[in-house]
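What follows is each chain in one-letter form.
Number of protein chains: 2
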Amino acid sequence: MATLKDVAARCGLTVTTVSRVLNNRGYISDKTRSKVYAAMEELNYQPNEVARSLSKKSTNTIGVIMPHIRHPYFSEMISNIENAASKKGYKILLANSKGADHKEKEYLDMCTSNRVAGVIVFSSTVKGLEFANSNIPLITVERFVENGTAAVECDNEQGGMLAAEALIKSGCKHLLIISGVSKSVMPADDRLKGFAKVCEERGVVYKAVSTSMNQYNNLEYHALLTGELKLDNEIDGIFASSDLIAAQVLQVCRKMGKRVPEDIKLIGFDDVLLSRLTTPPISTIHQPIKEMAEMAVDLVISSSEGKVVPKRTILPVSYIERESTK
Amino acid sequence: MATLKDVAARCGLTVTTVSRVLNNRGYISDKTRSKVYAAMEELNYQPNEVARSLSKKSTNTIGVIMPHIRHPYFSEMISNIENAASKKGYKILLANSKGADHKEKEYLDMCTSNRVAGVIVFSSTVKGLEFANSNIPLITVERFVENGTAAVECDNEQGGMLAAEALIKSGCKHLLIISGVSKSVMPADDRLKGFAKVCEERGVVYKAVSTSMNQYNNLEYHALLTGELKLDNEIDGIFASSDLIAAQVLQVCRKMGKRVPEDIKLIGFDDVLLSRLTTPPISTIHQPIKEMAEMAVDLVISSSEGKVVPKRTILPVSYIERESTK
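Those protein sequence lines, which keep their order, are chains A and B. Taken in order, the first sequence gives residues 1 to 326; the numbers are from full-length UniProt numbering. Taken in order, the second sequence gives residues 1 to 326; the numbers are from full-length UniProt numbering.
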């Protein structure tokens, strides 16, 4: 691999001059600049970013820690984050915590050691305490943490309200909501809050079912859904707290001979690719994933530059009607 | 942020001694070691990995370049690669090339500058030439490149044969295969080869349709599929070169009043989560994604350590029967 010294030797200049060209420091004539560039080209010289970042306080890398990557919501998020970061000249260091506390801590330490500009955390379990010792910006998505630098969320309560309103409007009388993981703080809790509020105002019967961490980690809800539908034959409207769960509702309904949307109307959450790929396509609450990803990247960059950033940013959601409610 | 000097001051030892503990070099008494660890803990000292990697030829980072992240196949791949890498103590630097030649070149340069241990490339367009100048191991997945270090593939031809055999066995007489992107070398070409071979041997009619780069980039095949099904009313078996396309076949069939599997039998490719989430679930050719990911990571590590690695590794596929062919 060609070094700075090789480049200097090739163009007959000192290492200091070549380094000044590379770092755009001080006065350099156009002729010198061209000479250096030509030598770099000839030798296929790649500046050592590792060495360069030593002189800076941080690298142009953003750490991303998420509990799942194959979950459709997280894969769309990482895709959008990579896109937003790349536009600003930042790279992504990706870590999958699988929701385990100790792995999250470990990855936070890894990010610190690697002098990332900041970390974006999507966590199911992250605790305020874990953040206290860190000196780099920590942006949480869909989770507000007291000690974090900033949080980006969508309006989950509004999402729950929109879903309840849409199901009631389409004539449903017995609702079921598949909500968050029990005994853990999840965005789905606020979705339930909004959903319950509308149901109570309109006097519509609803049942809320929480899921288990095991189901969440394995992306597997068939047994839970079959049990609930067997338990109550009158259910005619379901709000699932993710499109992933909604897709499984479609499968369970088909197995039990219930037609969607004729017998049961269904609304998911997230508006990921999957919701457009099922048969029938799933009506859902649109999360502004692209905008949330861009916002998280901007917050990392701004706070790494020492700017003051909003502690909490909440983006609106919207209802997307597809065939599962028509 | 605490430095090595702070740690040394806190435990009353020299920087050299602390550094020796940190790098596990030379003889250090247990007492000294404990002292240093205690001071590091107290000061929340994070070793500067950027500085440490300067003394090594490469960092423990693997670059991953893929054309899509939100495509279900690639999101499962990245999830499995991250998992395999993490087990070996490696981090992932992720880049989305969106299939653009210039972005792939740019990311390869970025990986070189960042002294990654190696790069895993999933490319739709990568050309042998682009690789020639690189000094780091380049592992391609599902693509063989003459100048690459090593390639990991699945047996695509066998996959095509298995799909044709399964459709014919279940009684299909007029087959349709949705194959790769026209005018580009894709794994789907070998799937077509195997499929055609079996059809010709058995004397079964089949039509092969190629897709466009635009459809591939937008993950959108509805218009193509509707057109083909309208053109030929006798089609009773479809082999789609991805589960993503197969999910759209289900949607188009439903729109056209054709039942799967009663009127049309359907087989996808990849065996990603999506194939288990559609209604009905999709029979598919299983790619050993987990094993391919582990193999790619092992190849990066082995070749970065200077070991001789196989130029080409081809893993077997298998047929998974679900409801779309029953």
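The reader is advised that the hints may include incorrect statements.
For identical chains, the list gives no copy identity; a pair is met inside one copy or between any two copies.
Dumping the calculated DSS-like pairs for lysine-lysine here, alpha-carbon to alpha-carbon at most 27 Å [as the list claims (entries may be wrong)]:
no.: 1; residue 1: K105; residue 2: K35
no.: 2; residue 1: K103; residue 2: K87
no.: 3; residue 1: K326; residue 2: K35
no.: 4; residue 1: K173; residue 2: K87
no.: 5; residue 1: K5; residue 2: K105
no.: 6; residue 1: K258; residue 2: K326
no.: 7; residue 1: K183; residue 2: K5
no.: 8; residue 1: K290; residue 2: K87
no.: 9; residue 1: K98; residue 2: K290
no.: 10; residue 1: K35; residue 2: K197
no.: 11; residue 1: K230; residue 2: K326
no.: 12; residue 1: K35; residue 2: K103
no.: 13; residue 1: K307; residue 2: K207
no.: 14; residue 1: K230; residue 2: K207
no.: 15; residue 1: K183; residue 2: K197
no.: 16; residue 1: K87; residue 2: K197
no.: 17; residue 1: K98; residue 2: K230
no.: 18; residue 1: K197; residue 2: K255
no.: 19; residue 1: K183; residue 2: K31
no.: 20; residue 1: K88; residue 2: K326
no.: 21; residue 1: K326; residue 2: K255
If you are wondering where the hints come from, they were derived from the structure by calculation, not from laboratory data.
Quick check: which numbered hints come out false for this structure?
3, 4, 7, 10, 13, 16, 17, 18, 19, 20
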